[in-house]
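K.L.:
All residue numbers for the sequence shown refer to this note's numbering, where the first residue is 22 and numbers rise by one.
Some hints could be false.
[As the list claims (entries may be wrong)] Derived lysine to aspartate or glutamate pairs resembling EDC-like cross-links, with alpha carbons at most 16 Å apart:
hint: 1; residue 1: K52; residue 2: E142
hint: 2; residue 1: K70; residue 2: E87
hint: 3; residue 1: K57; residue 2: E133
hint: 4; residue 1: K68; residue 2: D47
hint: 5; residue 1: K129; residue 2: E142
hint: 6; residue 1: K57; residue 2: E87
[Stated by the list, open to error] Pairwise CB distance ranges (calculated):
hint: 7; residue 1: E93; residue 2: E49; range: 33 to 43 Å
hint: 8; residue 1: A94; residue 2: E49; range: 27 to 37 Å
hint: 9; residue 1: I71; residue 2: K145; range: 30 to 40 Å
hint: 10; residue 1: E49; residue 2: S92; range: 27 to 37 Å
hint: 11; residue 1: P126; residue 2: A53; range: 27 to 37 Å
hint: 12; residue 1: A112; residue 2: V48; range: 13 to 23 Å
Read the hints as simulated data drawn from the structure, not as lab findings.
This structure is a prediction, so every number in the text was calculated from the model and none was measured.
From the three backbone atoms N, C-alpha and C, an ideal C-beta is built for every residue, glycine too.
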Amino acid sequence: MRLPISYLSLGFLLPFFAICPAAAGDVEAGKADFKKCALCHTAEAGKNKIGPSLFGIVGRKSASVENFSYSEAMKKFDHTWDAQTLDTYLADPRAAVPGTKMIFPGIKDEKERQDVIAYLETLK
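Sequences and hints are given; from them, build the entire structure.
P.N.:
Below is the structure:
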(Lines of atoms letter the chains of each structure in order from A and count residues from 1; the text may use other names and numbers.)
(Lines give C-alpha, C1' and ligand atoms only; values in the text may rest on other atoms or scores of the structure.)
Protein backbone atom coordinates (compact mmCIF):
# COMPACT_ATOMS: atom_id res chain seq x y z
CA MET A 1 0.00 0.00 0.00
CA ARG A 2 1.32 3.42 -0.93
CA LEU A 3 0.66 6.34 1.36
CA PRO A 4 0.50 9.81 -0.06
CA ILE A 5 3.48 12.03 0.70
CA SER A 6 1.26 14.33 2.80
CA TYR A 7 0.51 11.47 5.24
CA LEU A 8 4.19 10.63 5.54
CA SER A 9 5.06 14.28 6.12
CA LEU A 10 2.40 14.60 8.78
CA GLY A 11 3.68 11.50 10.55
CA PHE A 12 7.18 12.92 10.52
CA LEU A 13 6.18 16.38 11.76
CA LEU A 14 3.69 15.48 14.51
CA PRO A 15 6.35 14.79 17.15
CA PHE A 16 7.79 18.27 16.57
CA PHE A 17 4.41 19.90 17.14
CA ALA A 18 4.11 18.04 20.44
CA ILE A 19 7.29 19.64 21.82
CA CYS A 20 6.68 23.17 20.52
CA PRO A 21 5.44 25.68 23.10
CA ALA A 22 1.93 27.05 22.84
CA ALA A 23 1.43 30.04 20.62
CA ALA A 24 2.48 33.30 22.19
CA GLY A 25 -0.08 35.84 23.27
CA ASP A 26 -1.20 38.83 21.25
CA VAL A 27 0.93 41.85 22.23
CA GLU A 28 -1.62 44.46 21.11
CA ALA A 29 -4.46 42.73 22.97
CA GLY A 30 -2.17 42.49 26.00
CA LYS A 31 -1.41 46.20 25.80
CA ALA A 32 -5.15 46.92 25.85
CA ASP A 33 -5.67 44.49 28.75
CA PHE A 34 -2.78 46.13 30.63
CA LYS A 35 -5.02 49.15 31.23
CA LYS A 36 -6.49 47.20 34.16
CA CYS A 37 -2.96 46.72 35.54
CA ALA A 38 -2.15 50.39 34.94
CA LEU A 39 -4.50 51.39 37.75
CA CYS A 40 -1.71 50.30 40.13
CA HIS A 41 1.39 49.72 37.93
CA THR A 42 3.30 51.64 35.27
CA ALA A 43 5.17 50.37 32.24
CA GLU A 44 7.85 53.04 32.73
CA ALA A 45 11.26 52.32 34.21
CA GLY A 46 11.69 53.72 37.70
CA LYS A 47 8.13 55.00 38.07
CA ASN A 48 6.16 53.17 40.75
CA LYS A 49 2.55 53.66 41.76
CA ILE A 50 0.65 51.62 44.35
CA GLY A 51 2.40 48.65 42.73
CA PRO A 52 5.94 48.53 41.34
CA SER A 53 6.84 49.45 37.78
CA LEU A 54 6.45 46.44 35.48
CA PHE A 55 9.05 47.73 33.03
CA GLY A 56 11.60 44.95 32.54
CA ILE A 57 9.69 42.49 34.73
CA VAL A 58 10.46 39.49 32.52
CA GLY A 59 13.84 38.16 33.62
CA ARG A 60 13.85 40.26 36.79
CA LYS A 61 14.03 38.81 40.29
CA SER A 62 10.86 39.22 42.34
CA ALA A 63 10.75 42.07 44.86
CA SER A 64 13.74 43.81 43.27
CA VAL A 65 12.43 47.19 42.07
CA GLU A 66 14.23 49.96 43.93
CA ASN A 67 12.22 52.38 46.03
CA PHE A 68 9.23 50.07 46.35
CA SER A 69 8.00 48.66 49.65
CA TYR A 70 7.23 44.99 49.04
CA SER A 71 5.31 42.72 51.39
CA GLU A 72 7.33 40.22 53.39
CA ALA A 73 5.56 37.48 51.42
CA MET A 74 6.80 38.87 48.10
CA LYS A 75 10.32 39.29 49.48
CA LYS A 76 10.30 35.61 50.46
CA PHE A 77 8.82 34.52 47.11
CA ASP A 78 12.34 34.61 45.61
CA HIS A 79 11.65 33.80 41.95
CA THR A 80 12.71 35.24 38.63
CA TRP A 81 9.75 36.44 36.62
CA ASP A 82 9.37 34.43 33.43
CA ALA A 83 6.30 33.53 31.36
CA GLN A 84 5.44 30.51 33.53
CA THR A 85 5.89 32.32 36.86
CA LEU A 86 3.85 35.28 35.60
CA ASP A 87 1.12 32.95 34.33
CA THR A 88 0.81 31.25 37.71
CA TYR A 89 0.92 34.54 39.62
CA LEU A 90 -1.50 36.43 37.36
CA ALA A 91 -4.02 33.58 37.48
CA ASP A 92 -4.39 33.97 41.26
CA PRO A 93 -1.89 36.28 42.98
CA ARG A 94 -3.01 35.47 46.53
CA ALA A 95 -2.75 31.73 45.95
CA ALA A 96 0.67 32.05 44.30
CA VAL A 97 2.06 34.35 47.00
CA PRO A 98 -0.05 34.14 50.18
CA GLY A 99 0.29 37.44 52.00
CA THR A 100 0.94 39.56 48.90
CA LYS A 101 -0.25 43.17 49.04
CA MET A 102 -1.74 42.85 45.56
CA ILE A 103 -5.51 43.01 45.92
CA PHE A 104 -6.25 42.25 42.26
CA PRO A 105 -8.05 38.88 42.13
CA GLY A 106 -6.19 37.71 39.04
CA ILE A 107 -6.83 37.12 35.36
CA LYS A 108 -8.90 33.96 35.08
CA ASP A 109 -9.02 33.89 31.27
CA GLU A 110 -5.94 32.04 29.98
CA LYS A 111 -5.81 33.87 26.63
CA GLU A 112 -6.00 37.25 28.34
CA ARG A 113 -3.16 36.22 30.69
CA GLN A 114 -1.03 35.11 27.73
CA ASP A 115 -1.75 38.40 25.97
CA VAL A 116 -0.73 40.43 29.03
CA ILE A 117 2.43 38.34 29.42
CA ALA A 118 3.28 38.87 25.73
CA TYR A 119 2.94 42.62 26.30
CA LEU A 120 5.04 42.51 29.48
CA GLU A 121 7.78 40.72 27.52
CA THR A 122 8.07 43.79 25.26
CA LEU A 123 8.73 46.17 28.16
CA LYS A 124 12.53 46.40 27.96
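K.L.:
Is the hinted range of 27 to 37 Å satisfied by the C-beta distance from E49 to S92?
P.N.:
holds (32 Å)
K.L.:
CA of K68 to CA of D47, is that 16 Å or under?
P.N.:
violated (25 Å)
K.L.:
Could you check the hint for me, namely that P126 and A53 are 27 to 37 Å apart, CB to CB?
P.N.:
At roughly 19 Å between Cβ atoms, A53 and P126 fall outside 27 to 37 Å, so the hint is violated.
K.L.:
Given the proposed pairing of K70 with E87, does the C-alpha separation stay at or below 16 Å?
P.N.:
Cα-Cα ~12 Å, so holds.
K.L.:
Given a hinted range of 27 to 37 Å, is it respected by the beta-carbon distance of A94 and E49?
P.N.:
holds (33 Å)
K.L.:
At the C-beta level, are I71 and K145 separated by a distance inside 30 to 40 Å?
P.N.:
Check failed, 23 Å falls outside 30 to 40 Å.
K.L.:
Assuming the hint says 33 to 43 Å, is it satisfied by the Cβ distance from E93 to E49 or not?
P.N.:
holds (37 Å)
K.L.:
Under the criterion that the straight-line Cα-Cα distance not exceed 16 Å, is the pair K52, E142 satisfied?
P.N.:
Status holds; Cα separation ~11 Å.
K.L.:
Check whether the Cα positions of K57 and E133 lie no farther apart than 16 Å.
P.N.:
holds (12 Å)
K.L.:
Given the proposed pairing of K57 with E87, does the C-alpha separation stay at or below 16 Å?
P.N.:
violated (23 Å)
K.L.:
Could one say that the CB atoms of A112 and V48 fall in the range 13 to 23 Å?
P.N.:
Holds - the Cβ-Cβ distance for A112 and V48, about 20 Å, lies within 13 to 23 Å.
K.L.:
Hint check: K129 vs E142, CA-CA at most 16 Å. Holds or violated?
P.N.:
violated (20 Å)
In this structure, the hints that do not hold are numbers 4, 5, 6, 9 and 11, in rising order.
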